[in-house]
Amino acid sequence: MYVAVKGGEAAINNAHRLMADRRRGDRNVPGLTIEQIAGQLALAVDRVMAEGSLYDPDLAAMAVRQARGDLIEAIFLLRAYRTTLPRFNNSTPIDTATMRIERRVSATYKDIPGGQLLGPTFDYTHRLIDPAMTEDGPVEPGHRRPVESDACAPRVTDILNGEGLIEPDVFSNAEPSDLTREPTEYPVDRDLRLQALARGDEGFLLALGYSTQRGYGRTHPFVGEIRIGMVDVEIDMPELGFAVTVGSVRVTECQMVSQFKGSAGVKPRFTRGYGLVFGHSERKAMAMSLVDRALRADEFDEQRLAPAQDEEFVLEHCDNVQSTGFVEHLKLPHYVDFQAELDLLRQLHEDTTTATIDDDQAPLSEAAQ
Amino acid sequence: MSSSIVPTKRKRMLDAFAACDPVLLSERYHALGDLPAAAPVRGPEIGMIMLRGRAGGGGAPFNLGEASVTRASVKLASGEVGHSLILGRNARKAQIVAHLDALAQRSEWAPRIEQDVVQPALAQRDAERKRQAEETEATRVDFFTMVRGED
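From first to last, the protein sequence lines are chains A and B.
Note that the first sequence ends on residue 515 in the numbering used here; no numbers are left out.
Note that the second sequence ends on residue 1257 in the numbering used here; no numbers are left out.
None of these hints come from the bench; they were simulated from the model.
No false leads were slipped in.
Heads up, incomplete: computed chain B residues facing chain A, CB under 10 Å, no partners named:
id	residue
1	1113
2	1114
3	1116
4	1122
5	1124
6	1153
7	1154
8	1157
9	1160
10	1165
11	1174
12	1177
13	1179
14	1207
Just so it is clear, CB atoms sit at the ideal spot from N, CA and C, and this is done for glycine as well.
Let's have the full structure, built from the sequences with the hints guiding it.
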């Protein structure tokens, strides 16, 4: 017999009202504006856009505010929002070689064409909490220095490729698969893995990337290049018969240069892992490139022994909305399930007790068996 | 179709509008004075586009993630149809861009739109890009070699 139980409506309403109150906090303190969040907590907003898989800084800032700073909750809100919108079109693939660079560093070459541009970075800071953060004191604008007109910054991988020392990009215009449209069937191709990793949880990918460095799927990586900046987004407009730029987005790209491989007929050359993420998200782009390389094990005849090399394990667990949904559902009422387990356990205890009593009463029967 | 003869010019204009700050665009649009009315054909409506990247930067395409966009199409009484598609959720900006796109197809409006809207939009865009580039440039590492030992 199944008995539906109702209740908790008033409790839920009051809980949500209390949540709204706690979210707002002390009313004597001014509320956060979307501009403040998007402008001053920009890296949190970038993470929400990347893992929410929707580029829209204002919406991501609203989600951060609504979620009280719980970024996974904010990502969930953004993912839910995106399901309500129609998809008009696909962009032509963005060209990171034409990026308007805000930061660009290479750990493989000191003197790269285009140079090392540190940009706004936490690197080389002392990681000491600045007492000035208690106040809203004046902040100097960045220094400016004229740019040489012929300054161009080719990708480091293209420089290596010029010497035949690294595996080249294999250009194609194949239609990529889309995990938001079709169920995933393993094994999958690199395009789908990159899509999953680009929206995957930063913490999960960071840990997996770290595990490859510690020997679980070792790839001996070097950061060929990290670049952050704005790229134009172009869309073919059937109405017009040509492509227009609809705006630009900030992305972070990481080219990880890994262990070289050779085979019969092919001279040894470096292999590569690739990371591309919405916003200013260096850690995530680096982690993504490490995991991308680890997941290419089959391409290089590497044994798949480590978690980071197991594509089904990585792809099925890197999505934090999926993960949080299943983990957090455990706190919802499981009264009936649990009752069934309880009944079973009580039955077992009862059986054992009866058996023990039987044993006591018939010691000889056991000996006879 | 007259529009397909000068796609470069039209593209340059639409690119400039898309990159333009909505406040500046609205200001320049209203400064044009009384404009021939445009009837909505489609939208403005909010949707998404799937942004794509390429594996390794130059390899096979993959789906990076979506971005919100707004699109609109309008028609002038004289028949010209204007279109817009811009990143973000700004219905008003999409309407303005579509209206300007339609107007710019008329020879009496094209020069004024070029001068009063496109030029200021490009100037603002270029100034902003220059500032950004110069701030980045100031963080360039200038390596120098330390002389060690004696001669």
